[in-house]
Amino acid sequence: MYAIMLSLIIFTAPLEVARSADLIEIAALESRINEFTLKNGLHIIHYFDSSAPVVSVNVYYRVGSYDEQTGNTGISHMLEHMSFKHTDIYKPGDFDRILDSVGANNNGFTSTYYTGYYEELAKEHWELALKLEAARMHKCIFPDSEFESEHQVVAEERRLWDNRPNSTLWEQFEAMAYLVHPHRNPTIGWPDDVKNYTVEKVRNWYKKYYNPSNAVIVIAGDVPFEEVKAKVEKYYGRIKGIPVKRTDFYDIEPALAGERRLIIRKRVNVPTLVIGFPTPGIRDSFHSVGDVVAAILGGGRNSRLYRTLVIDSGIATSVSAWNEVECDPGILEILVTPKNESLIPRVENIILAELKRMTTEPVNTQELQRVKNQTLAAALFDRDDISDIAWFLATSQITAGNWRYFLQKIEKIEETTADQVLFFCNQYLTGERRIVGILLPDKEAQ
Amino acid sequence: MKIYTRQLLVVLLGLIGNLFATMFFRDSLPNGLIILTYQDHRLPIVDISFVCRSGAVFDPEGKAGTASLCTDMLLRGTKKLSADSIAQILDFIGARYGTGTDFDRCFLNLRLLKKDLSLGLDILSEMVLEPAFPEDEFTRAQEQTLTSAQRAYDYPSALVAMEFDRLLFGKHRYSLPPRGDTATIRKITRDDLKNFHKTHFVPNNCFIVFVGAVDHEEIKNEVHRRFANWQPGPVSSPQSPETILPEKIRVKLITRKDMNQTYIQFGHPGISVFNNDLIATRLMSYILGGPPLSSRMGLAVREHGGLAYDVRCWFDRRLLPGAFRATVQTAKPKEAIEKMFTEIRRMHETGATKSELLKAQNYFTGSFPLSYSSNQGKLDRLSEIELYHYGIDWLERFPDLMRATTLQQVNETAKQHLHPDRYIMVIMGNVTKDELNLPDVEWVE
Chain A
2 MYAIMLSLII FTAPLEVARS ADLIEIAALE SRINEFTLKN GLHIIHYFDS SAPVVSVNVY
62 YRVGSYDEQT GNTGISHMLE HMSFKHTDIY KPGDFDRILD SVGANNNGFT STYYTGYYEE
122 LAKEHWELAL KLEAARMHKC IFPDSEFESE HQVVAEERRL WDNRPNSTLW EQFEAMAYLV
182 HPHRNPTIGW PDDVKNYTVE KVRNWYKKYY NPSNAVIVIA GDVPFEEVKA KVEKYYGRIK
242 GIPVKRTDFY DIEPALAGER RLIIRKRVNV PTLVIGFPTP GIRDSFHSVG DVVAAILGGG
302 RNSRLYRTLV IDSGIATSVS AWNEVECDPG ILEILVTPKN ESLIPRVENI ILAELKRMTT
362 EPVNTQELQR VKNQTLAAAL FDRDDISDIA WFLATSQITA GNWRYFLQKI EKIEETTADQ
422 VLFFCNQYLT GERRIVGILL PDKEAQ
Chain B
5 MKIYTRQLLV VLLGLIGNLF ATMFFRDSLP NGLIILTYQD HRLPIVDISF VCRSGAVFDP
65 EGKAGTASLC TDMLLRGTKK LSADSIAQIL DFIGARYGTG TDFDRCFLNL RLLKKDLSLG
125 LDILSEMVLE PAFPEDEFTR AQEQTLTSAQ RAYDYPSALV AMEFDRLLFG KHRYSLPPRG
185 DTATIRKITR DDLKNFHKTH FVPNNCFIVF VGAVDHEEIK NEVHRRFANW QPGPVSSPQS
245 PETILPEKIR VKLITRKDMN QTYIQFGHPG ISVFNNDLIA TRLMSYILGG PPLSSRMGLA
305 VREHGGLAYD VRCWFDRRLL PGAFRATVQT AKPKEAIEKM FTEIRRMHET GATKSELLKA
365 QNYFTGSFPL SYSSNQGKLD RLSEIELYHY GIDWLERFPD LMRATTLQQV NETAKQHLHP
425 DRYIMVIMGN VTKDELNLPD VEWVE
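Protein chains in written order, with the numbering used here: chain A, 2 to 447; chain B, 5 to 449.
To be clear, the hints were calculated from the coordinates, so they are not data collected in a lab. Note that the structure is a prediction, hence the values are computed from the model and not measured. A hint or two may mislead.
[Stated by the list, open to error] Listed next, the in silico DSSO-like pairs over lysine-lysine satisfying Cα-Cα at most 27 angstroms (straight line):
id: 1; chain 1: B; residue 1: K336; chain 2: A; residue 2: K196
id: 2; chain 1: B; residue 1: K67; chain 2: B; residue 2: K198
id: 3; chain 1: B; residue 1: K119; chain 2: A; residue 2: K410
id: 4; chain 1: B; residue 1: K256; chain 2: A; residue 2: K267
id: 5; chain 1: A; residue 1: K208; chain 2: A; residue 2: K232
id: 6; chain 1: B; residue 1: K256; chain 2: A; residue 2: K444
id: 7; chain 1: A; residue 1: K92; chain 2: B; residue 2: K358
id: 8; chain 1: A; residue 1: K373; chain 2: A; residue 2: K410
id: 9; chain 1: B; residue 1: K419; chain 2: B; residue 2: K252
id: 10; chain 1: B; residue 1: K261; chain 2: B; residue 2: K338
id: 11; chain 1: A; residue 1: K196; chain 2: B; residue 2: K338
id: 12; chain 1: A; residue 1: K444; chain 2: B; residue 2: K191
id: 13; chain 1: B; residue 1: K191; chain 2: A; residue 2: K340
id: 14; chain 1: A; residue 1: K410; chain 2: B; residue 2: K118
id: 15; chain 1: A; residue 1: K132; chain 2: A; residue 2: K92
id: 16; chain 1: B; residue 1: K224; chain 2: B; residue 2: K119
id: 17; chain 1: A; residue 1: K246; chain 2: A; residue 2: K208
id: 18; chain 1: B; residue 1: K118; chain 2: B; residue 2: K261
id: 19; chain 1: A; residue 1: K267; chain 2: B; residue 2: K261
id: 20; chain 1: A; residue 1: K124; chain 2: A; residue 2: K92
id: 21; chain 1: A; residue 1: K208; chain 2: A; residue 2: K196
id: 22; chain 1: A; residue 1: K373; chain 2: A; residue 2: K413
id: 23; chain 1: A; residue 1: K196; chain 2: B; residue 2: K358
id: 24; chain 1: A; residue 1: K140; chain 2: A; residue 2: K208
id: 25; chain 1: B; residue 1: K336; chain 2: A; residue 2: K202
id: 26; chain 1: B; residue 1: K224; chain 2: B; residue 2: K83
id: 27; chain 1: B; residue 1: K67; chain 2: A; residue 2: K340
id: 28; chain 1: A; residue 1: K267; chain 2: B; residue 2: K358
id: 29; chain 1: A; residue 1: K340; chain 2: A; residue 2: K444
id: 30; chain 1: A; residue 1: K267; chain 2: B; residue 2: K336
id: 31; chain 1: A; residue 1: K235; chain 2: A; residue 2: K40
id: 32; chain 1: B; residue 1: K118; chain 2: A; residue 2: K373
id: 33; chain 1: A; residue 1: K413; chain 2: B; residue 2: K256
id: 34; chain 1: B; residue 1: K119; chain 2: A; residue 2: K413
id: 35; chain 1: B; residue 1: K198; chain 2: B; residue 2: K83
id: 36; chain 1: A; residue 1: K132; chain 2: A; residue 2: K230
id: 37; chain 1: A; residue 1: K413; chain 2: A; residue 2: K357
id: 38; chain 1: A; residue 1: K373; chain 2: B; residue 2: K119
id: 39; chain 1: A; residue 1: K444; chain 2: B; residue 2: K261
Based on the sequences and whatever the hints tell you, model everything.
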């Protein structure tokens, strides 16, 4: 019965009608979005959603590990910590005390391309978040006396990372994958750099990167556009904007000349295998095909590698794959948990054989359609939470210079053909151009 | 024809503003299956959670992990559908789905587009009513669960928590994670899963929650059509753990020379969700060890001491009495432990202040609506309300209860439910007993 049902799902016309409705629903998102730029360069994006009396305020700065040099890695993250401490009128701890007292969820985070801060709170308090973030943008002071304890907190955060089982594998896999591109540096910073931060380094970083011209604000939720315009002008209009030219490393990484391989032994019970293939960045209109390829290879039980490695051969217990591309050229990564160490060569051979098949045979209609349907459904699911929408808007604006990027990517995936998948695999998943990382149990350490 | 017992008509939730006013319904079938719906038509999506009220505490003796594996297997084949067919259909329509088990419940969640609701319900009902537990899928699921259990041992935080539970809860089911451990998972058989399903997956022990673009009347007919013939059965109660409050601190030290940080968890017996002090205890533990940047422990250990990235404490919220726990990860364990002990003693002896209580009340009342502003949040809240019998008016009552809690009540819970210096403690890292220099403790091997 269900085999028939599945074929009906795939080929019936009513589905096409419903599909169009879903696409229209996704496109309708645009009608809820407005944007404007202040004279000082601050760009504001507003998403209106009155379904709950809640507002999400998000301030993103164009600074992250992408901008850090050797010897100073992780400094954006250190600054993020220090920015919660002290401004002209707010004392250490005030940010959290004030926001906690109105029941706001708030936090900050640092990534490769941006440092973000957010507050999610009841709409009657949303202005408070805007006011606090304005202080963070231009009134932070970094007294010597407050630096060392936070420096130690960050050092402890770095140690937390060290003690996670796969952390060394991931960190060194990335460092091996990129010879020169800043993707090679961990956002939290290399241990010795973390040790050598000074308050002066933090002050300089703040001075250089935190200003309206280098920021994007996204306000999502139950607050009208006119009110947003007025309040943003009130709190940010007078802050001086100083344009920051970000160094462009898009093409800096030399082509991978051959396989790079890393084997780490550590006190773990379960081995891990990761294989990566360099893929194009977002300036290449072709890049979203990488997302489709990753989903076909390792997106759930129906994916090719799950079937071959977990179900058919039974030599692995889990498989996943994703295309790690946020802006500059990245890596399509395949992550496998082999049942044991001795099976790793077989796992690798099966993966390579499957990739070979991807370069010679077009993917079938059903698996391509599955990925498109999942992408479309996910786009609607993501609209359930204004924080998710805010994240998409802010990160698209920072990495692509255009908030519409995340919607355009959905359209691109929707238009992907089997021929494009075949071409992509031939371009990027062939030969010896791969990075292999293996984490093995260290028997002596057990 | 009246086929439902309508327990409550409609509760109009004008909780956080008129715009949020949305319909919440609770019904039941004659066989006892509860149906909850929250109608919200702003998006063409539906979230469903099917919940069985028997969680891991009902695992057979020596076979911890049975409930979890049983629930996992619901996705892996029914009498009509193979595991592959289920995945093919659900993946093809872009649905998100998964199962989960904690000590108090097993659940199966499904998120799909409204247009696929009927198909999704067909599959969900088959998974719940007619799982096949196929041999090959069972073998695979057991292996995957074993790998997950082995991987958990690679995480110091998980290992410390497991050791703490083992020491505190002894032979009770709470002593092992809901998933079980490698020894118990290996002992589970297909028959164990079938028995668990037969015993606990009965309609009068289950409920189903719908949130999103649904109409309650339509939903109850859809549910009735698929579940009305499901026969009720006896429902049993779990055994409470017999925990002992130690006379002095009992410490287990696990030496790990490869670690550059020490992981610590300590605590003592706690309370259940049915305890009358639940709300006051939540306020008190929030003040003591809630947010790491502004709680008492957070200020002492992180903000002023620079000793840790994260430090916190809480009371487990479970059907049966759980634990009070405090955790920290630090390169300076002796200093961090001293500060955490001091803060617990201070809370026990002198309690919280008026202003601390007011801030905590504001936090809980202010953040509560945020926790159910999304469909996923509503699904979680409604599941909790039903599972713990909080009552259909809980979303309204919770902020009132928070606001009505007095300083005296909070401070009495600190006296009654905190037991300074009578902890079970697990320490893991590259540290020796001499370096820790903990006074008057019993070391556990």
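Hint check results:
| no. | hint | verdict |
| --- | --- | --- |
| 1 | B:K336 <-> A:K196 | 16 angstroms, holds |
| 2 | B:K67 <-> B:K198 | 14 angstroms, holds |
| 3 | B:K119 <-> A:K410 | 24 angstroms, holds |
| 4 | B:K256 <-> A:K267 | 24 angstroms, holds |
| 5 | A:K208 <-> A:K232 | 24 angstroms, holds |
| 6 | B:K256 <-> A:K444 | 24 angstroms, holds |
| 7 | A:K92 <-> B:K358 | 21 angstroms, holds |
| 8 | A:K373 <-> A:K410 | 11 angstroms, holds |
| 9 | B:K419 <-> B:K252 | 17 angstroms, holds |
| 10 | B:K261 <-> B:K338 | 17 angstroms, holds |
| 11 | A:K196 <-> B:K338 | 22 angstroms, holds |
| 12 | A:K444 <-> B:K191 | 26 angstroms, holds |
| 13 | B:K191 <-> A:K340 | 19 angstroms, holds |
| 14 | A:K410 <-> B:K118 | 24 angstroms, holds |
| 15 | A:K132 <-> A:K92 | 15 angstroms, holds |
| 16 | B:K224 <-> B:K119 | 17 angstroms, holds |
| 17 | A:K246 <-> A:K208 | 14 angstroms, holds |
| 18 | B:K118 <-> B:K261 | 54 angstroms, violated |
| 19 | A:K267 <-> B:K261 | 12 angstroms, holds |
| 20 | A:K124 <-> A:K92 | 25 angstroms, holds |
| 21 | A:K208 <-> A:K196 | 22 angstroms, holds |
| 22 | A:K373 <-> A:K413 | 10 angstroms, holds |
| 23 | A:K196 <-> B:K358 | 40 angstroms, violated |
| 24 | A:K140 <-> A:K208 | 10 angstroms, holds |
| 25 | B:K336 <-> A:K202 | 26 angstroms, holds |
| 26 | B:K224 <-> B:K83 | 25 angstroms, holds |
| 27 | B:K67 <-> A:K340 | 23 angstroms, holds |
| 28 | A:K267 <-> B:K358 | 50 angstroms, violated |
| 29 | A:K340 <-> A:K444 | 16 angstroms, holds |
| 30 | A:K267 <-> B:K336 | 24 angstroms, holds |
| 31 | A:K235 <-> A:K40 | 13 angstroms, holds |
| 32 | B:K118 <-> A:K373 | 17 angstroms, holds |
| 33 | A:K413 <-> B:K256 | 56 angstroms, violated |
| 34 | B:K119 <-> A:K413 | 24 angstroms, holds |
| 35 | B:K198 <-> B:K83 | 13 angstroms, holds |
| 36 | A:K132 <-> A:K230 | 14 angstroms, holds |
| 37 | A:K413 <-> A:K357 | 25 angstroms, holds |
| 38 | A:K373 <-> B:K119 | 16 angstroms, holds |
| 39 | A:K444 <-> B:K261 | 15 angstroms, holds |
Hint violations for this structure: numbers 18, 23, 28 and 33, all remaining hints satisfied.
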